[in-house]
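Enquirer: Start counting the sequence shown at 3; every next residue gets the next number (my numbering).
Because the hints were derived from the structure by calculation, they are not lab data. Do not rely on the hints blindly, as some may be mistaken.
[Claimed, not checked] Ranges between beta-carbon positions, derived for each pair:
#1 L121 with K63: 45 to 55 Å
#2 T77 with L121: 49 to 59 Å
#3 T80 with H141: 26 to 36 Å
#4 W126 with W44: 17 to 27 Å
#5 T117 with L55: 37 to 47 Å
#6 W126 with V84: 39 to 49 Å
#7 P71 with A40: 44 to 54 Å
#8 A56 with P120: 36 to 46 Å
#9 S52 with E12: 14 to 24 Å
#10 T80 with A116: 48 to 58 Å
#11 A41 with I140: 37 to 47 Å
#12 P71 with W126: 56 to 66 Å
#13 Y47 with L134: 17 to 27 Å
#14 V84 with R13: 22 to 32 Å
Bear in mind the structure is a predicted one, so any value in this text is a computation, not a measurement. The C-beta atom is built at its ideal place from N, Cα and C for all residues, glycine as well.
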Amino acid sequence: MSEPRPRGTERDLYRDTWVRYLGYANEVGEAFRSLVPAAVVWLSYGVASSYVLADAIDKGKKAGEVPSPEAGRSTRVTVAVVDTFVWQALASVAIPGFTINRVCAASLYVLGTATRWPLAVRKWTTTALGLLTIPIIIHPIDRWVGGLPAGLQPAQVLPVIGEAQLLLTSP
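Please model the complete structure; the sequences and the hints are all you need to start from.
Expert: And the structure:
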């Protein structure tokens, strides 16, 4: 989101706007896990998963709009949807959610054994540590997932000299 878009490319609703932050909902839910009912955490996963699904569908639609022979259209759309879904599911939901969950669980355990703080203070401290961890882990996870084999990276439709071409590239 902080990188400038190449000239002539359209703005991606799911990656270049505030909508991107919906993909982080589950990390916030995990940070608050010790303070809220489990249903709230599951709801946060529902929000993040909906973001992933919407982005995958959007990339499939864009791949379907690329002018080309009709024979390869369904394959191109399928590749775009699957690539985007797998990449986003890993980079936005599974890996960050697991990471924040483990950071919070470990910090709650350590605070419980190393301090005599009241439980409420330990839980709020754990939540604060979880929230502070989110911006630290986002870019390394994106880079790591972006380093996956070409078939597991997000499909992107980019305009190339007046025509559109489907590229499988790292973010």
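Enquirer: Compare the structure with each hint and give your call.
Expert: Quick rundown of the hints versus the structure:
no., hint, verdict
1, L121 with K63: 45 to 55 Å, "holds (49 Å)"
2, T77 with L121: 49 to 59 Å, "holds (55 Å)"
3, T80 with H141: 26 to 36 Å, "holds (29 Å)"
4, W126 with W44: 17 to 27 Å, "holds (21 Å)"
5, T117 with L55: 37 to 47 Å, "holds (42 Å)"
6, W126 with V84: 39 to 49 Å, "holds (41 Å)"
7, P71 with A40: 44 to 54 Å, "holds (50 Å)"
8, A56 with P120: 36 to 46 Å, "holds (42 Å)"
9, S52 with E12: 14 to 24 Å, "holds (22 Å)"
10, T80 with A116: 48 to 58 Å, "holds (51 Å)"
11, A41 with I140: 37 to 47 Å, "violated (26 Å)"
12, P71 with W126: 56 to 66 Å, "holds (59 Å)"
13, Y47 with L134: 17 to 27 Å, "holds (21 Å)"
14, V84 with R13: 22 to 32 Å, "holds (24 Å)"
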